[in-house]
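Visitor: What follows is the residue order along each chain.
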Amino acid sequence: DSGVTQTPKHLITATGQRVTLRCSPRSGDLSVYWYQQSLDQGLQFLIQYYNGEERAKGNILERFSAQQFPDLHSELNLSSLELGDSALYFCASSVRDTNTEAFFGQGTRLTVV
Amino acid sequence: DAKTTQPTSMDCAEGRAANLPCNHSTISGNEYVYWYRQIHSQGPQYIIHGLKNNETNEMASLIITEDRKSSTLILPHATLRDTAVYYCIVRSTANTGNQFYFGTGTSLTVIP
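Residue numbers (the numbering used here), protein chains in the order written: chain A, 550 to 662; chain B, 139 to 250.
No lab work stands behind these hints, which were simulated from the structure alone. Ideal placement from N, C-alpha and C gives every residue a C-beta, glycine not left out. Among the clues, some could well be false.
No more than 25 Å apart at the CA atoms, straight line, and that leaves these computed lysine to any residue pairs for SDA-like [said to hold, decoys possible]: (1) A:K606 <-> B:K190; (2) B:K141 <-> A:Q566; (3) B:K190 <-> A:V644; (4) B:K141 <-> A:K558; (5) A:K558 <-> B:T221.
If you anchor each label on the Cβ, the simulated ranges turn out as follows [unchecked claim]: (6) A:A563 <-> B:T146: 47 to 53 Å; (7) B:T143 <-> A:D620: 38 to 44 Å; (8) B:T242 <-> A:V644: 47 to 53 Å; (9) A:S628 <-> B:G167: 16 to 22 Å; (10) A:T562 <-> B:E204: 51 to 57 Å; (11) B:Q183 <-> A:T556: 18 to 24 Å.
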């Protein structure tokens, strides 16, 4: 158990809908990262927050957004869902925003039908 | 961040040492080498990281060549539970965010 909690574990929704994925970082970790893993793309970095502020942005679609709240939990919002958004979404956390290992949660499996 | 090159797949007999190589010939002085593994769609698991000295922890050893252009992850006594995809990642220590860029990794199969 990495100490990073993601909810829900599984989510099935229809195209065009909007969903919110939640991540609770390890106690004491200030930085949160989101990754997407689909079958044909591997692990893709989406976005990183540090202590509530966006720190780095990767290949995140405009239909996706994220935020980190004062209690340091983070949410990833996915809207206007398409079939191709079906994937595993992982959250990771680390103590600092640089020069340190990150620990991953067990992911949310999103299926868009 | 520097790119890494890893073999696509490897086999290892159970109980033997698994040696997973990684080339990172364009690594710069402020970049660390990290190793993660992912077991069948679970969340990636941190294994070890290092800058230029060899490192060892309860899971594995990391051997980095003197010129830092390559490294080897060693699992000393591989078990069936070590079957996974292993990712070698090079990351800058610069204050540009802590994102890890995962490549395709090495799929390690431990054979009974």
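Visitor: Hint by hint, where does the structure go against what was stated? Just the numbers, ascending.
Guide: 1, 2, 4, 6, 8 and 9
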